[in-house]
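Chemist: Kindly generate the complete structure, drawing on both the sequences and the hints.
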Amino acid sequence: MAVIDVDGLTCGYGETQVLTEVDLHAEKQEIVTIIGPNGAGKSTLLKAVMGYLYPTAGQIRFQGEDVSRLRPDQRVVQGIAYVPQLDNVFPSLSVEENLRMGGYTLAKGTLKQRMEAQYAGFPRLAERRKQRVKTMSGGERQMLAMARALMTEPDLLMLDEPSAALSPQMADEVFQKVQAINAEGRTILIVEQEAQHSLEISHRGYVLADGRNAFDGKAQDILNDDKIRQAYLGGQVAEADG
Amino acid sequence: MAQIIFDSLIRSSTLALLAVGLTMVYSVLRFPNFAHVEFAPLGAYVALAGATVAGLPLALSAVIGIAVCGGAGILADRLVFQHLRDRSPIMLMIAAFALGIAIRETLRAIFGPSPRNFPLPLQAPMEVLGASVTTVQLVIIASAVACMLIFHGLLTYTKLGVAMRAAADNPNLAQASGIFTERIIRAVWFIGSAFAGLGGILLGLDTQIYPMMGFSVIVPVFCAAILGGIGSPYGAMLGALVLGFAENVGLSINFAFLGSLVGVDRDFLFIPAGYKPAIAFVFLIAVLLLRPQGIMGAARR
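Here the protein sequences come in this chain order: A and B.
Note that the numbering used here has the first sequence beginning at 1184, numbered continuously upward.
Note that the numbering used here has the second sequence beginning at 17, numbered continuously upward.
Hints listed in this document are in silico derivations from the structure and should not be mistaken for laboratory results.
Remember, it's a predicted structure, so these values are computed and weren't measured experimentally.
For each residue, glycine too, the CB sits at the ideal point set by N, CA and C.
Treat the hints with care, since some could be wrong.
To be verified - Taking lysine to aspartate or glutamate and the EDC-like style, the derived pairs with C-alpha atoms no more than 20 Å apart in a straight line are:
id, chain 1, residue 1, chain 2, residue 2
1, A, K1313, A, E1279
2, B, K175, A, E1279
3, B, K175, A, E1299
4, B, K175, A, D1256
5, A, K1360, A, E1299
6, A, K1360, A, E1336
7, A, K1211, A, D1188
8, A, K1401, A, E1210
9, A, K1360, A, E1377
To be verified - A partial selection of chain A residues facing chain B, derived with a Cβ cut-off under 7 Å:
id, residue
10, P1255
11, Y1265
12, P1274
Modeler: Dropping the structure here:
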């Protein structure tokens, strides 16, 4: 049974339809990357899975259950977590308060325990417990954003462009972290514009174009497919081969 | 001197209670709630009715007035603002204006236009640090300070308070954290409107109760909220403090030294008391020019 199963999803904002009959699934402990040009609907797909917009057609099943009509906060309880590309932390809250909010649905005892687990996983956050997020660097924020989302120990973690605007070293660190989270048994959905790195750590990938499925397959096949590379991973061909 | 400080603190107390509620609703819903100040007469009239018609002790009827305002805030959201969540702030603002008029005129229809007083015996002022104050005035200051401290504790130490700040920061991310934001919004309406109700009761204790008592302070209340940076509760407290002092100090300064500069030779040159409301406007304009995000407000993208 797939952890997440998006079936013929059609949705959009008001009159504007963004996704048309999109299919996507991810199994337990899979890393799946969604690539595609700007405006293809990648971010919208994640938002729809989180519950910010409801399908006009199709279904979203999580662990076999239809969650299409649940609110985002209800899907969090089911085991879905999401890290948006921008504004993915609470800037005026401290690091600790951000984690507390990540664990909003947890009982008090569990909350403390999970918080310590996140500090162990992200030692740099532990040094900054009381610090306001406003004053932190982009890399530290991205780490905090992931730690916040992991507080509920989700079965499905969705990351929207986790490496965007980060230095290459910071991006490496983020992807290592993603692999470590995956190794704990979690399914991960990543949306990436610069997808090379993300596909390298993924099991499978999807190509979205104009709000529709354009291609899907093993991540390695996508990386090796010259047509896809040229169309969607432009300019990275020579670099990866050399 | 001490008298000016006391008068300023009394003014700041009522302004702070009203401005904090206004700024709270703004922080999560991002629209200026012009109906907010109407919870002041609502709270005052309910407390008055409790104390006179029902014959309850004043403190108890004040609590009832405050609770009724909190509930009325939630009701206002349910009936009006909840249906307009995705609309532009202009739309919400106009709806708030309409709701404000409706509350104000309903109160006028029920209680009549003439000013009323809480049934309190006339009090002889006492001397405190060289200023003459009444017990009621001390109660006003004390209850406002207590409210601000409790509110600070709520925001800092409770799950609900942190969630309120989180929802103000980023409502979508709050939802992705498992927070049912509509419940937080309800709590914000309750607390914000209850504070306004208490502000109205205190205003009524200090002066009089009349239907326009909320609307008549709308400028200083908005000014205090904007002065501190709208959306920031601590900013609103600071803004109310600054404005309370500015109004009272402004009226007590002898501007004769300025007069001599422009050739007006007089021994006394005070701002007439009738111009007191203008002080808030002058401050508001100055703040909007110099620091549009307010004293405590973060610059928004």
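Chemist: Against each hint, give a clear statement of whether it holds in the structure.
Modeler: We went through each hint and held it up to the structure:
no.	hint	result
1	A:K1313 / A:E1279	6 Å, holds
2	B:K175 / A:E1279	12 Å, holds
3	B:K175 / A:E1299	18 Å, holds
4	B:K175 / A:D1256	16 Å, holds
5	A:K1360 / A:E1299	17 Å, holds
6	A:K1360 / A:E1336	14 Å, holds
7	A:K1211 / A:D1188	11 Å, holds
8	A:K1401 / A:E1210	13 Å, holds
9	A:K1360 / A:E1377	18 Å, holds
10	P1255	4 Å, holds
11	Y1265	5 Å, holds
12	P1274	6 Å, holds
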